[in-house]
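Colleague: Sequence:
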Amino acid sequence: MLRVHNDLTRRLEPFAPANPPEVTMYACGVTVYDACHLGHARAYVAWDIVRRYLEHVGYEVRHVQNFTDIDDKIILRAAERGEEPAELTRRWEAAYFADMDRLGILRATDYPRATEYVAAMLRFIEGLMAKGHAYAVPDGSVYFDVASFPDYGRLSGRSAEDLGQRTRLDEPDPNKRGPADFALWKAAKPGEPSWTSPWGEGRPGWHLECSAMAAELLGKTLDLHVGGIDLLFPHHENEVAQSEALHDAPFVTCWLHNGFVNIDAEKMSKSLGNFRTVRELLEVHDPMAVRYFLLQTHYRQDLSFTEEALEGATRALVRLRRSLAAREAALAPSTPLVEALGAKVARAFAEAMDEDFNTPRALAALWDARAEIAGLEDADAEAAGHAVAEVRRLAAVLGLDLAAGDAGGGDWPVVAAEAAARLRDVPDHGLAAADQPEAQLAHWLEARRAARIARDFARADAMRGHLTGAGFVLADRKDGSVEVTHAEAQAWAWVWAPEGVPLA
RNA sequence: GGCGGCAUAGCCAAGUGGUAAGGCAGAGCUCUGCAAAAGCUCCAUUCCCCAGUUCGAAUCUGGGUGCCGCCUCCA
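In our numbering, the protein residues as written are 228 to 731.
Think of the hints as simulated: they come from the structure by calculation, not from any bench. What you are looking at is a predicted structure, and each value in this text was computed from that prediction instead of being measured. All C-beta atoms, glycine included, are put in the ideal place defined by N, C-alpha and C. Take these hints with a grain of salt, some might be off.
[As the list claims (entries may be wrong)] The calculated BS3-like cross-link candidates involving lysine-lysine, where the alpha carbons are at most 25 Å apart (straight line), are:
1. 300 / 403
2. 300 / 358
3. 416 / 300
[Unchecked claim] Taking CB as the label site, the calculated pair distances span:
4. 560 / 533: 14 to 24 Å
5. 313 / 591: 38 to 48 Å
6. 673 / 324: 36 to 46 Å
7. 400 / 446: 27 to 37 Å
8. 689 / 529: 30 to 40 Å
9. 724 / 246: 53 to 63 Å
10. 446 / 715: 44 to 54 Å
All chains should be built: construct the whole structure from the sequences, respecting the hints.
Modeller: Quick look at the structure:
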């Protein structure tokens, strides 16, 4: 049975959607004005795992994630660049998808844009005003009246007094009746994009879009609402207030929040300037390795980013893949032991994931299975491939493709192609230069093979030394083929196979 | 000031009462012409500190210390 940590109750509780097998899940999306960094990747990988696991255990998830495509930062950035806000936001939406697709994040059911739901938001505000929960001020803005909603603060654990105390430190906004009141509708300043409303030209407040779009697309009460812990207050608190004030129904049954990515013990964020974009990370690292890295930490915990840890995750992924690949072809009729092994890993995996999506433990279950598969003997070893398939199937629930990236696949990374090209400049071995990196490397490997057959190991090792100097790592295999990797190309491998008789 | 979180081996990180998962790094070995890869073995008597509860605590309670986050945009 799946149990989840509900931030509304601050407890682990059974997952109980209102209308199973359907699950409604709303994820707070990004403001599309800049590149995604590892922190964003962390959040969306976490929710991708939640979605995948729910589907794995039989739920049908309606997953909605918004794009905030109108706000102060967008307006400012578009003005700086001299382009329309819509051009800017469409560009960053595309960049968002490019990054997240590479990380293997499943597409949501819907990606509503705030600017396309302004009419729904205006109806929302009018409803709140009719019920006395909102008020307009002279400049044309509309605020939510927090005092009219006694339950305010339940999600974030803040009392009215807490909020009052803070305001002594800040300059009070003369427009607001109460210190915690927040804008539902912001009056437009000259030159800003705006929509017509009963209160004049303006644009929706940030908190409102999630409430309005969630209600439009998923209904008044959501099974799951997810987002970063930084959104807990005030964003999610305000969403609850608006939605429940209007609908007189619980807004969200279960809230999930993910922890931060820390770098040097500090939150990774735009404003601190200590972020690593997904795009730049993927220039060097296998997307699956980045995903694996993120899954090593439970989603609610802060995650420490270090290059060392990311590289460690990459090596772990490569070893897990290779270890399994070594047994994948063993598909003789299965045996009781192999069947039991498959069932055991599936059980351990489910136990881990059922405990609030404990991906570190789920990964450990996969590693335990790897060791058992490697230790199989005789008839069981002949059938090991069936257990490998089971491990890969479970890994896929985490969005990890353990079959990919192994020998033979993938384009040549730039570093490897450049290294191969440099081999042409080594004046030795009487080899013809070749244009393609594959052909260039194949010349060397063929010559080295000839030397090895002639048992001229000094020459063969000298050739390997040159290749090693260029960054290539050779792995001789029993059949005479050579697996080639490159020290700077994470998780990349290329296999050269000789024509003719294999090495004796 | 208010609210909340975290402190586990060189690094990342599970573990909420029963005697420290997993990965990376490191060491040894097997295999190999030699390597690499793969495989096997080893690697925290101890969980920030001090009291307490308990037959028993990394886990519960109290008190410290340190770090981080939210309260303004933020995944």
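Colleague: Work down the list of hints and note, for each, if the structure agrees.
Modeller: Cross-check of the supplied hints:
For a cut-off of 25 Å, the pair hint linking residue 300 to residue 403 stands: about 23 Å separates their Cα positions. For the hint pairing residue 300 with residue 358, the CA-to-CA distance comes to about 32 Å; that exceeds 25 Å, so the pair is violated. At roughly 14 Å between alpha-carbon atoms, residue 416 and residue 300 fall within 25 Å of each other, so this suggested pair holds. Range check, residue 560 to residue 533: Cβ separation about 46 Å, and the 14 to 24 Å hint is violated.
For the hinted restraint 38 to 48 Å between residue 313 and residue 591, the CB-CB distance of approximately 47 Å keeps it satisfied. For residue 673 and residue 324, the Cβ-Cβ distance of about 43 Å falls inside the hinted range of 36 to 46 Å, so the restraint holds. A hinted range of 27 to 37 Å for the beta carbons of residue 400 and residue 446 is consistent with their spacing of about 33 Å. The given range of 30 to 40 Å is broken by residue 689 and residue 529, whose C-beta atoms sit roughly 50 Å from each other.
About 55 Å separates the C-beta atoms of residue 724 and residue 246, a value consistent with the hinted range of 53 to 63 Å. For the pair residue 446 and residue 715, the supplied restraint of 44 to 54 Å holds, since their beta-carbon distance comes to about 51 Å.
In summary, the structure is inconsistent with hints 2, 4 and 8 from the numbered list given earlier, while agreeing with the others.
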